[in-house]
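J.: Chain by chain, the residues:
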Amino acid sequence: MLRIENLTKVYPTGTVALKDVSFQVEDGEFLVVIGLSGSGKSTLLRCINRLIEPTSGRILWDDIDITAANAQQLRLIRRQIGMVFQQFNLVKRSKVITNVLSGRLGYANPWASLLGIWSHEDRQRAMQALERVGIADKANNRADALSGGQQQRVGIARALMQEPRLILADEPVASLDPVLAHSILQYLEALNRTDGVTVICSLHFLDLVHRYATRVVALKDGVKVFEGLPKEIDRARFKEIYGEEAEEVRATAVEVG
Amino acid sequence: MTNLSRVLRILLWLVVSAAIIAAFILSVRVTQPDFIKLVVAAPKARQILPQLFSPELFVRQAITSTMSLAFPIPCGSAEVGQPAESGPRLLAQPPCASAGETFRLRGENFPPNAGIKLSWRLPDQRALSIKRIATDGNGVFELEIQARPIAATKDGKPSSLEVETSLPEGALRPSPTLTEVVNAMFVTVFMALLATTFGTIIAIPLSFLAARNITYRGVLGKTVYFITRSFLNIIRSYEPLVMATIFALIVGFGNPFAGVLALVIVTTASLGKMFSESVESIDPGPIEAITATGANRAQVILYGVVPQIIPDFLSFTIYHWDINVRISTIIGFVGGGGIGYFLSQAINAFQYSKAGAALLAIILVVWALDFLSAEARKRLT
Ligand SMILES: Nc1ncnc2c1ncn2[C@@H]1O[C@H](COP(=O)(O)OP(=O)(O)OP(=O)(O)O)[C@@H](O)[C@H]1O
Ligand SMILES: [Mg+2]
Numbered sequence: 001m002l003r004i005e006n007l008t009k010v011y012p013t014g015t016v017a018l019k020d021v022s023f024q025v026e027d028g029e030f031l032v033v034i035g036l037s038g039s040g041k042s043t044l045l046r047c048i049n050r051l052i053e054p055t056s057g058r059i060l061w062d063d064i065d066i067t068a069a070n071a072q073q074l075r076l077i078r079r080q081i082g083m084v085f086q087q088f089n090l091v092k093r094s095k096v097i098t099n100v101l102s103g104r105l106g107y108a109n110p111w112a113s114l115l116g117i118w119s120h121e122d123r124q125r126a127m128q129a130l131e132r133v134g135i136a137d138k139a140n141n142r143a144d145a146l147s148g149g150q151q152q153r154v155g156i157a158r159a160l161m162q163e164p165r166l167i168l169a170d171e172p173v174a175s176l177d178p179v180l181a182h183s184i185l186q187y188l189e190a191l192n193r194t195d196g197v198t199v200i201c202s203l204h205f206l207d208l209v210h211r212y213a214t215r216v217v218a219l220k221d222g223v224k225v226f227e228g229l230p231k232e233i234d235r236a237r238f239k240e241i242y243g244e245e246a247e248e249v250r251a252t253a254v255e256v257g
Numbered sequence: 001m002t003n004l005s006r007v008l009r010i011l012l013w014l015v016v017s018a019a020i021i022a023a024f025i026l027s028v029r030v031t032q033p034d035f036i037k038l039v040v041a042a043p044k045a046r047q048i049l050p051q052l053f054s055p056e057l058f059v060r061q062a063i064t065s066t067m068s069l070a071f072p073i074p075c076g077s078a079e080v081g082q083p084a085e086s087g088p089r090l091l092a093q094p095p096c097a098s099a100g101e102t103f104r105l106r107g108e109n110f111p112p113n114a115g116i117k118l119s120w121r122l123p124d125q126r127a128l129s130i131k132r133i134a135t136d137g138n139g140v141f142e143l144e145i146q147a148r149p150i151a152a153t154k155d156g157k158p159s160s161l162e163v164e165t166s167l168p169e170g171a172l173r174p175s176p177t178l179t180e181v182v183n184a185m186f187v188t189v190f191m192a193l194l195a196t197t198f199g200t201i202i203a204i205p206l207s208f209l210a211a212r213n214i215t216y217r218g219v220l221g222k223t224v225y226f227i228t229r230s231f232l233n234i235i236r237s238y239e240p241l242v243m244a245t246i247f248a249l250i251v252g253f254g255n256p257f258a259g260v261l262a263l264v265i266v267t268t269a270s271l272g273k274m275f276s277e278s279v280e281s282i283d284p285g286p287i288e289a290i291t292a293t294g295a296n297r298a299q300v301i302l303y304g305v306v307p308q309i310i311p312d313f314l315s316f317t318i319y320h321w322d323i324n325v326r327i328s329t330i331i332g333f334v335g336g337g338g339i340g341y342f343l344s345q346a347i348n349a350f351q352y353s354k355a356g357a358a359l360l361a362i363i364l365v366v367w368a369l370d371f372l373s374a375e376a377r378k379r380l381t
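Protein sequence lines correspond, in order, to chains A and B.
Counting with this note's numbering, you get residues 1 to 257 for the letters of the first sequence.
Counting with this note's numbering, you get residues 1 to 381 for the letters of the second sequence.
It is worth saying that the hints were derived from the structure and are not from the lab.
One or more hints might be untrue.
[Claimed, not checked] In silico SDA-like pairs for lysine to any residue, Cα to Cα no more than 25 Å straight-line:
id : chain 1 : residue 1 : chain 2 : residue 2
1  : B       : K273      : B       : F313
2  : A       : K95       : B       : L302
3  : A       : K95       : A       : R142
4  : A       : K92       : B       : V306
5  : A       : K92       : B       : A376
6  : A       : K19       : B       : E288
[Unchecked claim] Example chain B residues on the side facing chain A (calculated, C-beta under 10 Å, incomplete):
id : residue
7  : A19
8  : A22
9  : N296
10 : P311
Note that the coordinates shown come from a computational prediction; the quantities given were computed from them, not determined experimentally.
Cβ atoms here follow ideal geometry from the backbone N, Cα and C, with glycine treated the same way.
Generate the whole structure from the sequences, applying the supplied hints.
T.: Structure representation (structure tokens):
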């Protein structure tokens, strides 16, 4: 169970990106975070694995206080938390297999990995991860030779290498077309359903939220304005989260999705 | 009010124009451009330019052959020499003489139009040069020679007439100048290579320390960042020429080591800056992603940063080698060794043909490296 307690993030510029946010995520949930652009979704996800240092508040994972972990402990925590990004964040010039293997760095022997030496098990695990997302044949291609949808699957394979108990996905389908969006989210759903991995995912389109979320948290200007089931987001709630001009956004979203 | 500001504007404009004109007048007076001299003194260059433009790069190896004919002075003091049966042969008429008399020497069947060196080979094996002549179109020469008392027979051993024929034949050989130029050019190119290598090795770690996205974190990081940055900026402001001169004063003029030292510093400074800018401009996404996997800092740099910067680093390094060859020719002039030093020595010694060969070599090598480095860099993207 992940507990976010009074999480606040103030950037050095003075922007308050998160204001006193608290909620819980049970193991095995598919929690979707929604909110307008700039509402603090990315900041929230990055505070959980401390890619961004929270200003105050606590993040507890079972008995571990992530916010209190030192550098060494933090690395051990991070390697159990997979992360998937909107821009895929692959090393474009490296091979697909190298990108996938880099997901294993938290487990690998530091010296061997610096020499580019990987154990047979790790290589096998990487090929299995690529098979699972259906692009084992691309293992030796350069990452930037792949299409957007394929690159995001490499991103998921990289997260798989961590044998994660939790996956943070920051708008994983926002740079993909709607058809691909479903195929990517289905991989995350499968991980969630069959492997029992907890997923925290930020999404833009409401129909995707309805389709995949088991629970929803909504942010507005860094404040949590809603927490509940997807079906509870009615017209009034929607306007509350997205503002008065939100009608068109939803209409487009539903149409496109 | 508007009138006043307009007047002020015109005034300002006048002052600026006057300042610019003054600067021009001053620069003309200081640099003393003398176009008349450029024309009048041109004939003087006429003597130099042909030498400069006709560097002697190759020479034909001359094949020399010698033949001799014993010639007793006085007659009867020794056996007279017998002319050869076939091939080139020498005939003396008469075949012997007393000291002071003259005789005719005739050569037949020699190569036509060949240069010939005629000399006495004295009984004690010393050579005494007589004359240089050439054979005619039929390979024949004839001349009158005086029997010198010094060539008299000694202890029954007569002096011989010796004929040395040299034919400009055989393979073209690199001239001594060319060999010297090539050697000096090698020194320059390898000076540049050595300096580029060392400069790069020093610049790589410095560039990471001077990259905001890698180092600028925490008090220690910020301190290191500023120190490295300032260090690079300070050493960048030194002129390679000044440094080369100082190092040449220490290790000796003409010593390539002086040039290498100066170049290493120049290379470190400018590559350090270029590398750090390259590191700063990389995509932060992969760094974030790899940090999120629980990787340590070294792993993040090796897996997230290095693949992104390799093409830039290689291309900058090749480019800088190219630059270093140019700088090192100039550095050579102030005592840094290599082709530049060779050129300055040749000019100081009025050996313009040598200087021309050096210039030719510089042009060729700079052009070739320019071309190669451009090609190599094209392939790196
Ligand atoms: N590094 C930063 N420094 C300063 N302000 C930042 C930084 N990152 C984000 N912010 C600000 O914090 C707020 C929340 O940003 P965040 O990226 O978390 O929003 P988001 O919900 O992910 O938006 P989007 O949908 O556009 O990705 C915004 O106002 C943003 O401008
Ligand atoms: Mg975001």
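J.: Of the numbered hints stated previously, which ones are contradicted by the structure, given in increasing order?
T.: Violated hints (numbers, rising): 7 and 8; every other hint is consistent with the structure.
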